[in-house]
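Using the supplied hints, reconstruct the complex from the two chains, each of which is provided in its own coordinate frame.
Those sequence lines, one after another, are chains W and R. Position 237 of the first sequence, counted from 1, bears residue number 237 in our numbering, the numbering being contiguous throughout. Position 14 of the second sequence, counted from 1, bears residue number 14 in our numbering, the numbering being contiguous throughout.
There is no bait here: all hints are sound.
Derived DEER-like restraints, expressed as beta-carbon distance ranges:
(1) W:113 - R:10: 40 to 50 Å
(2) W:70 - R:177: 35 to 45 Å
(3) R:92 - W:304: 42 to 52 Å
From chain W, some residues computed to sit far from chain R (all C-beta separations above 10 Å):
(4) 23
(5) 26
(6) 38
(7) 102
(8) 112
(9) 178
(10) 213
(11) 240
In case anyone wonders, no lab produced these hints; they're calculated from the structure. For glycine and all other residues, C-beta sits at the position ideal for the given N, C-alpha and C.
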Amino acid sequence: MKEENPNIEELLNSFIDGELTERHRTEVERLISHDARAAQRLRELQKCKMLVSSLPRAEAPAEMLERIRASLERETVPDQQPERFNERRGARHLLARRVLTAAAMIGLTAVLGAVIYTIVVPESGPGMPIAVEDSRPVDRVESAFYGRLELKTSNLVAVDASINRAIEENGLSDYASERRQGDKGVYTLSCSRESLRLLLGDLEGIWERFDSATLFVETNQFGEQVVVDTVTAEQIGAIVNQGTLTKRIELSEDFAALNDMAGLLPGRNILAAIDDTGGDLITIPKPRLTRPIKATKAPAPQVKDEEMVHLTIVLAGSE
Amino acid sequence: MIEASNVKIDDAVLVERCRRGDSAAMERLILRYQNRIYNVILKMCANTDDAAELTQETFVKVIENIDKFEGRSGFYTWAFRIAVNLTLNYCQRSVRLGYRSLDADDDERNRSAIGGLKEFLSDDSSPDPAAVAQNKELCGIAAKALMKLDEAQRAVVVLRDIEGMSYAQMAKVLSIEVGTVKSRLSRARSSLREILETMLQ
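Okay, chain R solo, but in the shape it has when bound (with noise of 0.2 Å):
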């Protein structure tokens, strides 16, 4: 809790340094969040060239209009509010699904990580996350499975599962309401989890 509102302030502190047009303030402010913000968008859209231009657009947009920042949620909560809103919209209008590039992998490695998956999905014991996160071909259909999902329902699990999001940050993200994410993210995991059992078959 002391953590976060320390990063609060700086955040403040750097937005207001930012819009006396310290340009100290403003690449600090890029540097401290440009990681997140492409980890998110890349996860949303599989695309790295996207996901680079995207993040690229999020930062212009957000110091562009950093004056408009009105403080009612934090800053970190604004810059995710404008980058999931340009990632949304190039999703819903792009054709070029992300997914393209791993469905072009060989039939050898998709059958050793469909095995891989069968036994992680069979097993009834709680398995190590870090074995999963060093298990490159599970991680690769996990990433194949999210790109089938509805872009309003990947972005949920991708701001709770991989950004680590709370529903409240996560409602004002998407400026929907708590039970809304609530729903979405129920429904969300539902669909991945019926995809994942259809890549078995």
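The shape of chain W in the complex, shown without the other chains (with noise of 0.2 Å):
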């Protein structure tokens, strides 16, 4: 049934954890007492959440309390303690991590001070003055961008109905066309860079149901591509927003570098968990788009062949 209907799955997983509205609830009720496949599948999932909830409670150490005291006091005042510290056998390694977390650190700031340098200085270079607006585009282009997104889920169904769903709204269908190779989707997309701006702004609204998104940015060289792996939406707009190619490449290259070492880094999730923000579990310090993704849907506009985007979509599920 998993690989048959995944809506129906989480609709009766829904359904046994008192999640649904009154109305899903009737129609679950009335699909399990027609379809002996479905209440036979809701006995398992009821079976399954019985045998995890029996387990029993532990409690926590009864010093939990005074443990947490001391650790506070210690970092308080952690002066008062170095030669204890010193004499620990683990010091020296606790030094070389935190010496590697920092350089890790610094690595990653000059990758990021780079990608941010190639977004936000203007084009015409250091002579002209910080200070004057530039009322001209932000990117001339000079080529045009060819690439492919490879994108995998395990949710193919829901997400190439999201994606048929964004071409369309975003008046895309004309400069769009998807194929079947076996199980895959492939969109192929030669539209303007704006249209391409309004379509990742639909599509990031599902980037969390891919399980992985890589682009492959294309270089002059024939065969020769820049691979950009857990590539997100922005970053995508951002690429494709280099009027050059030189430029393109870079900051693929750039990101690429930035997306590995945040794979990475330890401890990346934690601080965004402190925030109270609301961010990802892994929260990448990401460049911002100098223009919001978002902007007012309007139909394709002519443009001319260099500021063309070609890009090929795959979709494939992710097992």
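Quick look at the structure:
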């Protein structure tokens, strides 16, 4: 049943968790009274839930409060116990780990700085006064964008429908073609950068449903591509927004390095949790786009060849 | 609902006092949540020493950062976010998986547990939850199966089926959409079922 209809699985799970509206609950009740397989699946899920719920509750060690208090005191007055810390066998190892973490942080900051510099620095270069507002477009486009975006999801049907809807709602139906390659959906887009930004704005809402997202940016060497793993919609927008091929490749390489490093950094998700800002579990500091990714939706205008974006989106199942 | 709002008000008052340096308020907050947080962490990492360590670290971070708590979510949700993030981070880094000790169980005990599991899964009637809870072997096998899920799936199952959080609370704790909670939980329970069935083979 899982393969056949994941939505029914979700409905059955929500049903046993009491998370359905009255209407949906009635629908599920009707389903299980008519469909023996659904009823059987419901029983299986209920048993799984019961088995886990039955695990005995453990209590924190009795001295937990004391331990926390002592730990807080240690952290408040660290200078009072330097010798004891230095005597610990793991002190050297701890120091090495801290140095490595610091080095990684410095590296990340440098890459991040380079990325921000690439995005925000005006094109006219060093001679231009900083405070003068540039009224020209952000980028003068010199070459069209060519790339491929490979997406994997465990919810293929729903995501496929969302992409189709986003293409249609953004007036891109005439600029996109869709074909099937086995279980994969392949969308070929040839549109303006503005249209792609609108599309990405819509796809950003379902980005979490992708188990992986990899962007392949074409270079001027035949067959050579820059690969950006765990790419975000914002990053794609920023890369496409670069007017020249060189800048596009540089930014792609920066994002690739940034994403790789972010994946390796220890403790990267803890600060986000403490922040109470509702951020993602893994929060990677990202440069903001100079313009919002969402904009007023309008029919795709006629654009020059060099301003075109040629993007192939390949959507596949995760397993 | 009334009870829930009272808890929230109490938490808010304690948090405010804690911010002003009231150590009694801090202790009350710790005592109020230490067992629940410890239990969730233990079910995720399956190692009592590590669970105690992570619980301690959670509360140290909570107290140290209480000034940053803006009250956008409840204190309970915020504290659990820190606990779950620390634990997920630990699970990803740690090579010492908690089900190690369960693997060391003797064969006879395992056989007996598998027998109990087979009976439980094949029984079409609704089993009595209290009887299941008292069956230590069955609970042991459930804990072992839980540890075979990947961390993200284990987290949703633990938060829902052990801590009893709503989907909305889980979404806040895990910083994901409610839709993602639903799909992840659905996949997790399917995986759990498959793991249990594999154990029978």
